[in-house]
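Put chain C on the given structure of chain D with help from the hints.
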Amino acid sequence: MTLSRRFSPYSRLAMPTLAFAASVFSTQVLGSALPPIEKIKCQDKLSDTLKTWDSAEDWRRQADPVFNGRAFRTPTHKIGTWIEVQTSPSGLPEAYRTSSAEILHFSWDEKCAPSVETRAFNIPKDEKVFTDADLEKLLKSGKAGAIYVWYPGFDFSYMAYDEFKKAAAARHLDVTVVLGVEANAEEIAQREKTFKLHLDDRRLESVELLNRNLTLHFPNSIVYANGKLAKVNGLGAMDAKLYGSYMDEQLKALKGSK
Amino acid sequence: MRRTKIVSTLAAATLPALGFAQVSGDAPSYCRSGYQPEMIKINGSAGAYMRVSPDGNYAIVSNGTSNILDLTGKDSDGNRVTKEIRTRMNNEAYPVEGNWNYVAAPGGQMSFYRFKDLLEKGTEASPGEIVDNRPAESAQESPKPKGRRVAKNKPAPSVTPAPTSTPGSSPYQFYQTSGQTSGQTPGEPERFVDREHTVQWYHSAAELPGGDKKHATYRVSLFSENTMRDYEVWFNPDGSAAKVEKKPIKPLCQNIVDKGNTFSDRLISQPIISKDGTEMAGLWHNTTHIFKIKDDGSCEVEDDLGISSYKVSFSYPEPGKRSKIVFTNASMRMRASSNGSYRPSQAFNNFGTYIYDPNTKKMTPLSIDPLRGVPNYPGWTKDGHILAQMLDPQSRSQVIAVINPKKLIPVPDLSQVPDTKAAKDCFQDAETYTRAVASLGEVWNSVCSQYNPGSRGGNFMQALSLDPKDCVKMVHENYQSWKDQHPSSELSEQHLAVACKTSH
Numbered sequence: 000m001t002l003s004r005r006f007s008p009y010s011r012l013a014m015p016t017l018a019f020a021a022s023v024f025s026t027q028v029l030g031s032a033l034p035p036i037e038k039i040k041c042q043d044k045l046s047d048t049l050k051t052w053d054s055a056e057d058w059r060r061q062a063d064p065v066f067n068g069r070a071f072r073t074p075t076h077k078i079g080t081w082i083e084v085q086t087s088p089s090g091l092p093e094a095y096r097t098s099s100a101e102i103l104h105f106s107w108d109e110k111c112a113p114s115v116e117t118r119a120f121n122i123p124k125d126e127k128v129f130t131d132a133d134l135e136k137l138l139k140s141g142k143a144g145a146i147y148v149w150y151p152g153f154d155f156s157y158m159a160y161d162e163f164k165k166a167a168a169a170r171h172l173d174v175t176v177v178l179g180v181e182a183n184a185e186e187i188a189q190r191e192k193t194f195k196l197h198l199d200d201r202r203l204e205s206v207e208l209l210n211r212n213l214t215l216h217f218p219n220s221i222v223y224a225n226g227k228l229a230k231v232n233g234l235g236a237m238d239a240k241l242y243g244s245y246m247d248e249q250l251k252a253l254k255g256s257k
Numbered sequence: 000m001r002r003t004k005i006v007s008t009l010a011a012a013t014l015p016a017l018g019f020a021q022v023s024g025d026a027p028s029y030c031r032s033g034y035q036p037e038m039i040k041i042n043g044s045a046g047a048y049m050r051v052s053p054d055g056n057y058a059i060v061s062n063g064t065s066n067i068l069d070l071t072g073k074d075s076d077g078n079r080v081t082k083e084i085r086t087r088m089n090n091e092a093y094p095v096e097g098n099w100n101y102v103a104a105p106g107g108q109m110s111f112y113r114f115k116d117l118l119e120k121g122t123e124a125s126p127g128e129i130v131d132n133r134p135a136e137s138a139q140e141s142p143k144p145k146g147r148r149v150a151k152n153k154p155a156p157s158v159t160p161a162p163t164s165t166p167g168s169s170p171y172q173f174y175q176t177s178g179q180t181s182g183q184t185p186g187e188p189e190r191f192v193d194r195e196h197t198v199q200w201y202h203s204a205a206e207l208p209g210g211d212k213k214h215a216t217y218r219v220s221l222f223s224e225n226t227m228r229d230y231e232v233w234f235n236p237d238g239s240a241a242k243v244e245k246k247p248i249k250p251l252c253q254n255i256v257d258k259g260n261t262f263s264d265r266l267i268s269q270p271i272i273s274k275d276g277t278e279m280a281g282l283w284h285n286t287t288h289i290f291k292i293k294d295d296g297s298c299e300v301e302d303d304l305g306i307s308s309y310k311v312s313f314s315y316p317e318p319g320k321r322s323k324i325v326f327t328n329a330s331m332r333m334r335a336s337s338n339g340s341y342r343p344s345q346a347f348n349n350f351g352t353y354i355y356d357p358n359t360k361k362m363t364p365l366s367i368d369p370l371r372g373v374p375n376y377p378g379w380t381k382d383g384h385i386l387a388q389m390l391d392p393q394s395r396s397q398v399i400a401v402i403n404p405k406k407l408i409p410v411p412d413l414s415q416v417p418d419t420k421a422a423k424d425c426f427q428d429a430e431t432y433t434r435a436v437a438s439l440g441e442v443w444n445s446v447c448s449q450y451n452p453g454s455r456g457g458n459f460m461q462a463l464s465l466d467p468k469d470c471v472k473m474v475h476e477n478y479q480s481w482k483d484q485h486p487s488s489e490l491s492e493q494h495l496a497v498a499c500k501t502s503h
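The listed protein sequences derive, respectively, from chains D and C.
So that you can map any letter, position 26 of the first sequence is 25 in numbering that gives the first Met the number 0, and since no number is skipped, the others follow by simple counting.
So that you can map any letter, position 371 of the second sequence is 370 in numbering that gives the first Met the number 0, and since no number is skipped, the others follow by simple counting.
Chain D extracted, bound-state conformation (with noise of 0.2 Å):
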């Protein structure tokens, strides 16, 4: 396989060695499937690329990343591993594959020749942060829960916050709290004094979750069983009947999953 380096946005970053590029074409495992993206060239490229990632082909349309182009992500089987395949407006693709720990994203010129680069994830150790291994402890915890992601911004994380445990509480579901998006620790101490609430501020570092979209608005909650992720957000504020709703539909999903 030759590697050669076009001009590119990211060309500030690294490029991997060719050794480890090989070792990512080592394992050979089902999930080439492409996205449904009616114009997609150099496919055979990158299929034989999806086939090494171990996608869970289940693809979900991101909003397009320039006029006239395509992002589809689909999760893997790996939990905080994620695959997500984006093209220009011509039509060639370049595919992602985020870890907790890293970013590989090759890219294909008009002949399909490739390029590699990586980006390692890099958390200072003493920040405030919810990453793919704390919830991985509470996926293998064995117990049904639900995670709150609130922005001081969105005033409305503070207003329906009673209403989301309620609901919880109900269900005997465990709670954990995380802030979306950094914020400024001024206004959320304005915040709090208006609405006199204190909710945890652990930033939302999980590869898994930011994934999921849970940045997206905020509140934003997820509910967890049987040692999997729901498959549908709880988007938005609501009262504590619509919260456990939401809660019950996606539950009975999630036990009845294998």
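Take these hints with a grain of salt, some might be off.
Here are the computed lysine-lysine pairs in the BS3-like style, where the Cα-Cα straight-line distance is at most 27 Å [stated by the list, open to error]:
1) D/Lys38 to C/Lys381
2) C/Lys120 to C/Lys40
3) C/Lys381 to D/Lys40
4) D/Lys38 to C/Lys360
5) D/Lys38 to C/Lys420
6) C/Lys420 to D/Lys40
7) D/Lys192 to C/Lys40
8) C/Lys360 to D/Lys110
9) C/Lys381 to C/Lys73
10) C/Lys405 to C/Lys73
11) D/Lys230 to C/Lys120
12) C/Lys482 to D/Lys110
13) D/Lys240 to C/Lys258
Calculated from the structure, these hints are not laboratory results.
Just chain C, lined up with the frame of chain D:
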């Protein structure tokens, strides 16, 4: 070439206090040509859930209560800054879109405040009075609703509470209130308040088509039970309400949500109605849909965007066209980190402002780099601008960006080489062409902006906003320096110069 070039070419003095690249008069013409949105500094607290007035001069934001930001003031340097007007409206008040004569404020009851009163009286403003001051001839034009009770220039004499429907009458009830939302005092004027159709979360309101200065119909949608109610309003010459008739509460989109029994079937989340109240957008089954609302409250699915978006804002209606929507969304991309630590949130929380045009079914990210940095609550003005609240990534100050999407779209079809002889002679394939366009944006950002050119979409948009002549000049003066940074690129100066001709 990047940051050092900014300083050497434009001089450090051109860097603005807010941290945005505002280009000075000494800068090359192509730097002034590139699109830079105006940024309005927010004085004090930004507040949440911003709604933008039709003229773009005001915004309503929530901060426990709902307050107004006056955007018309300027600081001593002539830059726009906000001034806060406090009110007693509860969290997330929603203007009756279209003209903003009234604002619908929730909180135990739905109170309709005159926007004029809020501007003039601030925290002293009460829900709008219903007093029939219309000229006699005009007052006779409208049919008298059954059970109607209207104060005629004098306090209504009834007692507290004052439900006014009589047996067999329409479900028309209005209440006397004193002050803002609670307590009723005999002798106080009748107020535009509804205690039947109220909500804890997420309502929206708009004026239906066909209204004029004398008479209009307002529509309010509610989230919890997917319902809507119309209000027929007759106005005095000064725009205040002379009488209001409440229509029955109707299930909204029941024909669609009743098809299933699950939470996902039944709930349309984050619903927002269009500026003329005839469409609604919200999340249904995890993706954003646009629905046509019929007069009986039934709905028809018009669009499924296929993605889940944050709450949308509709553009103002244009004859013969459907309204566009604008929303905030995040994309995943690798990007450089300034301090060596690279957190997952930095890769995923690349929020941007997106437009979806149902006429073309196209989604356009308005992603030039100064518009990155968690833009929130984008809202459309009547003249087609979009205002969005955002955090300036440099100064960490809250600002309101005033975006002119007409400067950035329509984007030419980047999936093929443009149909001109020069382009066809120059570019072998579409990918070379799109790389040339992206490179133009990168050159512009390197020379004229302090932002790192890291987003491909941003580079496209920035390049395509340039005046073609300025763009060619920019290429001529900066190609060699760009080429030195990209020695392996096959793109020649001619490639970039020809790509310039495809910009606006």
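Checked against the structure, which of the hints given earlier come out wrong?
The structure conflicts with hints 1, 3, 8, 11, although it agrees with all the remaining ones.
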